Amino acid sequence: MKRIGKKKYNYRNITIAVIALLVIGIGGTGLAIKLNHDQQVYAALKSKEADAEEKAKKSRKPEDIQLAQKLADELKDGDKTVATEHIKDLKSDLIKLNNASSAVDKADAKPTEEDTSLAQKLVDQLSSDYLSKDKEGLQKRLDKDKEVVAKQKEAAEAAKKAAAEAAKVAEETKGQKLIALTFDDGPNPQTTPGLLQTLKSKGVVATFFALGQQAQANPDIIKQEAAAGNEVASHTWDHKDLTTLSPGAAKQEILSAHDTINSLSGQNTNIFRPPYGSYNQSTLALTDLAAVNWSIDTNDWRYNSPAPVVQNAMSAAHPGAIILMHDIHPWSVAAVPQIIDQLKAQGYTFVTVTKLLEARDGGVQAHQVYFGQ
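Under my numbering, the residues of the sequence shown are numbered 1 to 373, in order.
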């Protein structure tokens with residue numbers, strides 16, 4: 001029987017092979033470690049560049065934008081292209097923001113339809129999310145400018161309409177002896193209704209300068225005054241001397257009565273009478289109204305009978321006059337029929353203050369004071 005011998009191995013060759021495999025493995029691991037490190041470094045660079053972009057968006061400083069671009073230039077081509085495009089968009093957005101801000105600044109300084117329209121187009125171009133707050137702020141300012149423009153347009157149209165109406169009245173009343181009766185401090189529920197009846201029966205209209213507190217207390221009388229064709233305007237709220245008040249308080253005195261009376265009368269008067277006839281340039285500048293005083297003072301408040309009231313009115317009567325009376329005194333109201341009859345006998349035509357000023361002065365201008373001729 002043949003004996004099988006043991007196989008001999010070449011341990012030297014095996015050792016070399018194992019060592020070679022180990023070397024290859026160690027080298028591969030080192031390469032992987034290096035690749036992983038490079039990836040981490042590049043990821044950190046990308047993150048730093050992204051942070052720089054965000055900082056530049058918030059600060060909008062040129063140096064921050066330059067830093068973001070510098071970091072973008074260190075990125076790989078694909079990432080560099082994207083980052084550079086972001087920065088390009090940022091620069092473009094900031095130019096748009098600057099243009100929009102300048103346009104709104106110009107509109108704020110002197111609002112016009114042309115400037116607000118241009119500013120709106122530029123504000124509408126601010127579409128990036130990080131500009132949303134800027135856009136919102138500019139839009140709010142622009143909306144206020146548009147309101148100013150709208151009011152200016154309304155005022156211009158109203159002035160044009162008023163001028164046309166004034167020209168019409170002037171033509172219709174050409175050659176007539178016009179005169180205006182005015183009554184202050186009412187309405188008084190004991191005396192004003194009787195006066196309204198007298199005016200109606202005589203076919204005469206007048207201008208009532210009512211106190212706001214009296215109008216509030218007697219709204220139906222204000223409505224009756226207006227319904228009969230009379231003019232109803234503010235004599236302030238409670239008859240304070242406007243020149244003794246602060247600008248805010250004086251303005252409130254005028255406009256609180258003005259708004260209350262207009263809401264009751266349905267009219268849109270643009271005149272008021274200052275208590276005691278007392279005013280100054282500051283008072284006139286407080287509102288867009290005109291002040292109306294008088295050229296004939298009957299001094300009716302001094303008496304307790306109609307005779308001297310009639311005498312004072314007639315002795316000073318003249319074409320274009322504005323006569324001051326009060327509808328809160330019984331003797332004043334009692335004097336009215338005689339005044340009307342005697343003035344009519346002299347050829348006078350009774351008109352409201354506004355009609356008188358339209359015929360004589362071409363209408364009422366804000367911030368002015370009128371006395372009658």
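These aren't lab readings, by the way, just hints derived from the structure by calculation.
No experiment lies behind these values; they were computed from the predicted model shown.
Watch out, some of these pointers could steer you wrong.
Listed below are the simulated BS3-like cross-link pairs for lysine-lysine, each with C-alpha atoms no more than 30 Å apart in a straight line [said to hold, decoys possible]:
| no. | residue 1 | residue 2 |
| --- | --- | --- |
| 1 | K55 | K70 |
| 2 | K251 | K151 |
| 3 | K135 | K57 |
| 4 | K96 | K135 |
| 5 | K57 | K140 |
| 6 | K34 | K58 |
| 7 | K160 | K133 |
| 8 | K46 | K151 |
Comparing the hints with the structure gives:
1. K55 to K70: holds, 14 Å
2. K251 to K151: holds, 19 Å
3. K135 to K57: Within the cut-off at roughly 14 Å; holds.
4. K96 to K135: With a Cα-Cα distance of about 11 Å, the restraint between K96 and K135 holds, given a limit of 30 Å.
5. K57 to K140: Since the Cα atoms of K57 and K140 sit roughly 22 Å apart, the hinted pair holds (cutoff 30 Å).
6. K34 to K58: violated, 36 Å
7. K160 to K133: violated, 41 Å
8. K46 to K151: violated, 54 Å
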